[in-house]
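Please build the complete structure, drawing on both the sequences and the hints.
If you want the building blocks of each chain, they are given just below.
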Amino acid sequence: MQHGLQKVRAEAAILTTSSKSHNGALAYPKLQLTADGLACVRGGRPVFRDLSFAVTSGEMLTLVGPNGSGKSSLLRQVAGLLDIEDGSIALSGADEDEASVSAQALYAGHLDAVKAPLTVRENVDFWADFYGSPKAYVQRALDGFELARLSTLPADVLSAGQKKRLGLARLLIADRPLWLLDEPTVSLDTASIKVLGALMATHLARGGLILAATHVDLGIEGASQLAFGGRGT
Amino acid sequence: MMAFLALITREVRLAVRVGGGGGMAVFFFLITISIVPLGIGPDLNLLGRIAPGMLWVALLLSALLTLDRLFQGDQEDGTLDHLLMGSLPLELIVLAKGLGHWLTTGVPLIVAAPILGLLLNLPIEGMGPLMFAMAVGSPALSLLGAVGAALAVGVKRGGLLISLLVLPFYVPVLIFGVSATRAALISVPGDMEGRSLMLLGAVTLASFVVGPVAGAAALRANVK
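So the protein sequences, as listed, match chains A and B.
So the first sequence is numbered by numbering that gives the first Met the number 0: it starts at 0 and just counts up by one.
So the second sequence is numbered by numbering that gives the first Met the number 0: it starts at 0 and just counts up by one.
A couple of the hints might just be wrong.
As the list claims (entries may be wrong) - Only some residues are given here: those of chain A computed to face chain B with a beta carbon under 8 Å: (1) A78; (2) L80; (3) L81; (4) D85; (5) S101; (6) G108; (7) D111; (8) A112; (9) F129; (10) G131; (11) P133; (12) K134; (13) A135.
Simulated from the structure, these hints should not be mistaken for lab results.
Cβ coordinates follow ideal geometry from the N, Cα and C atoms, glycine included.
Okay, here's the thing in structure tokens:
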């Protein structure tokens with residue numbers, strides 16, 4: 000069992016290096032995500048205001064701050080899942096300029112969006128069909144998050160960490176440039192956190208962008224930080 | 000198109016795996032219809048006369064029974080967020096979910112209807128028209144119901160709220176459905192060349208537009 004795991008990890012490593020090497024040309028166009036003067040109000044209470052930042056292709060921005068300071072709210076605003084009180088969010092440089100930010104983004108939140116009655120493979124296949132991804136991406140996602148061994152199990156019997164990985168597998172299925180990760184390491188073991196870190200590094204190397212709210216060091220070099228203030232400022 | 004079909008397939012697969020969906024609606028349909036003769040008494044002529052109306056009322060209530068889970072399951076486990084961010088327009092997502100509901104609830108009810116018609120002494124020559132009218136009218140129940148389900152998506156135990164929201168919109172389906180079924184049995188004054196059936200079809204066609212558009216608007220308003 001232990002041996003099998005290591006083998007899959009080795010394959011993940013190969014995946015990482017190979018996509019780095021033959022992607023001397025970047026997988027995505029040069030993009031810049033800009034937020035200008037953003038404000039957020041939840042339940043009548045201001046969460047943050049005048050928030051501005053810019054992230055370009057190959058960069059990661061880590062959101063840090065205490066609970067309730069608005070990290071998740073910001074990610075949902077960028078994903079288009081939460082109304083923007085004030086300010087603007089724009090993604091420039093995409094081929095189709097009209098396409099909204101949310102069409103270029105993939106959000107991974109606290110909920111795994113895993114259907115318990117379906118098997119791991121059926122869950123993954125559904126999202127591949129939904130995003131119109133080639134079948135090769137399914138295998139890439141299963142291998143990347145070490146789900147291949149579990150593929151025939153109903154998602155019902157997965158542990159919390161395995162479910163989390165199944166949820167994160169959407170990142171590799173959809174192949175969108177902007178990753179919005181909200182506490183992606185919750186319930187993952189140390190080995191899986193390393194795998195996730197490696198996959199994130201690969202994504203950046205391919206010209207992707209990452210916005211992540213996390214308290215765990217994922218070993219991404221050159222990630223800049225966006226500090227959130229105290230509660231309710 | 001692939002995303003649309005994938006969504007319908009997933010709905011059907013989930014309903015079959017979990018049970019409780021169409022099966023529960025059919026059993027509810029069965030129970031409702033079988034207690035009617037107990038309440039009314041064994042007057043076969045009377046039962047035969049009220050059969051079309053009773054069957055349609057029971058169909059409406061059975062279809063309502065499974066509506067509350069239409070979007071709520073997806074909202075609770077976070078799937079709805081990802082569906083909203085996909086490239087498939089939200090209107091088509093609502094349409095796919097509505098059709099999924101029809102396939103897993105409406106179709107089993109239509110198949111069960113003639114058997115239950117026997118319990119109510121519905122004449123044999125009325126079975127065909129009953130099933131046909133239900134096949135024409137029942138997609139409207141799922142699609143109009145989707146609007147109610149979308150409006151109540153954020154409400155815990157919103158089943159009752161959905162009934163209150165949706166049942167008034169089911170009235171045209173009920174009226175034209177019953178008169179289309181009855182017209183096949185006795186000559187109803189004013190119903191020439193299946194006018195009721197055509198109006199029933201018109202309600203369904205309208206619901207194919209109204210359901211997805213209104214449902215998508217309700218979902219957008221509820222999620223943000």
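Here is what the structure says about each hint:
With a cut of 8 Å, the hint placing A78(A) at the interface with chain B holds, because the nearest CB-to-CB distance is about 6 Å. A least Cβ separation of about 6 Å between L80(A) and chain B falls short of the 8 Å threshold, and the interface hint therefore holds. Below 8 Å, beta-carbon pairs count as interface contacts, and L81(A) has one with chain B at about 6 Å; its hint therefore holds. The beta carbon of D85(A) comes no nearer than 15 Å to any beta carbon in chain B, farther than 8 Å, and the hint placing it at the interface is violated.
Hint status for S101(A) relative to chain B: holds, with the closest Cβ pair at about 5 Å, below 8 Å. With 8 Å as the threshold, the beta carbon of G108(A) comes within range of chain B, its nearest partner Cβ sitting at about 6 Å, so the hint holds. Using the Cβ-Cβ criterion of 8 Å, the hint placing D111(A) at the interface with chain B is satisfied: the shortest such distance is roughly 6 Å. Proximity of A112(A) to chain B holds as hinted, the smallest CB-CB distance being about 4 Å (cut-off 8 Å).
About 5 Å separates the beta-carbon of F129(A) from the nearest beta-carbon of chain B, less than 8 Å, and the hint is met. A hinted interface residue such as G131(A) counts as satisfied when its beta carbon comes closer than 8 Å to some beta carbon of chain B; here the least separation is about 6 Å, so the hint holds. Contact between P133(A) and chain B, as hinted, is not supported at the beta carbon level, the nearest pair being about 11 Å apart and thus beyond 8 Å. A hinted interface residue such as K134(A) counts as satisfied when its beta carbon comes closer than 8 Å to some beta carbon of chain B; here the least separation is about 12 Å, so the hint is violated.
With a cut of 8 Å, the hint placing A135(A) at the interface with chain B is violated, because the nearest CB-to-CB distance is about 16 Å.
The structure is inconsistent with the numbered hints 4, 11, 12 and 13, although it conforms to all the rest.
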